[in-house]
Amino acid sequence: SQQGEEDPQALSIQEGENATMNCSYKTSINNLQWYRQNSGRGLVHLILIRSNEREKHSGRLRVTLDTSKKSSSLLITASRAADTASYFCATDYNQGGKLIFGQGTELSVKP
Amino acid sequence: EAEVAQSPRYKITEKSQAVAFWCDPISGHATLYWYRQILGQGPELLVQFQDESVVDDSQLPKDRFSAERLKGVDSTLKIQPAELGDSAMYLCASSYGSLTDTQYFGPGTRLTVL
Chain V
4 SQQGEEDPQA LSIQEGENAT MNCSYKTSIN NLQWYRQNSG RGLVHLILIR SNEREKHSGR
64 LRVTLDTSKK SSSLLITASR AADTASYFCA TDYNQGGKLI FGQGTELSVK P
Chain F
2 EAEVAQSPRY KITEKSQAVA FWCDPISGHA TLYWYRQILG QGPELLVQFQ DESVVDDSQL
62 PKDRFSAERL KGVDSTLKIQ PAELGDSAMY LCASSYGSLT DTQYFGPGTR LTVL
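Going down the list, the sequences are from chains V and F. FYI, the numbering for the first sequence is 4 to 114, going by our numbering. FYI, the numbering for the second sequence is 2 to 115, going by our numbering.
Okay, chain V solo, but in the shape it has when bound (with noise of 0.2 Å):
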């Protein structure tokens, strides 16, 4: 099935420090969404950022958008050991909605 590519699949910083993470697709989409897996747990919905929309900020969290190269970045500030998780964006590839997952990056936030 497609997928997403995630970018990069382990990233390892200090608190304190921000994360970039990076999400590219393949096709066109209605919206994109992070969720985060913190280790052995279900998932928990982030964001969500909609085709017509280029920025969105929630907390210590902003997601970019850029359809023309069909691509998406977390970016989380200040990070805290609580964040260290799983994170994972999803798309809806205009197929009836269906969410298309990437494979994720795994944070590490070292205290």
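Check before you lean on any hint, since a few could be wrong.
[Said to hold, decoys possible] Calculated cross-link-like contacts (lysine to any residue; reagent style SDA-like; alpha-carbon spacing at most 25 Å):
1) Lys101(V) <-> Glu45(F)
2) Lys101(V) <-> Thr14(F)
3) Lys12(F) <-> Arg44(V)
[To be verified] Rough simulated footprint, nothing fancy, chain F against chain V, three-plus residues with beta-carbon under 8 Å:
4) 14-23
5) 104-113
Hints are computed from structural coordinates only; laboratory data are not their basis. In this text the structure is predicted, and so the values were computed from the model without any measurement. Glycine included, every Cβ here is placed at the ideal spot set by N, Cα and C.
For chain V, the structure is supplied; the task is to place chain F on it using the hints.
Same frame as chain V, now just chain F:
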């Protein structure tokens, strides 16, 4: 805060046995999804229900997997017979309406097939 409930949380079975997973979505959510997540990968949609009707089951291995949502509320996903390659996390999610709505995920069931 309302949550999606799943049981069991962990299941160990031997290959060729039957297994079943249960999901209770957030009250009032018409759309229910079952995903499979292999370790180190993103979730992959197996089946989507709108109320009691299947909307998408294109990725469901129908020779061994079945899913039902008889009264449009809770749902059961069954595997019979289980194979070694079925070892994964099975996640249930629900949303109020269409797939453009936020999906809320349950804690998942970790299946290990020996």
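Each hint tested on the structure:
no., hint, verdict
1, Lys101(V) <-> Glu45(F), "holds, 10 Å"
2, Lys101(V) <-> Thr14(F), "violated, 31 Å"
3, Lys12(F) <-> Arg44(V), "holds, 15 Å"
4, 14-23, "violated (count 0)"
5, 104-113, "holds (count 4)"
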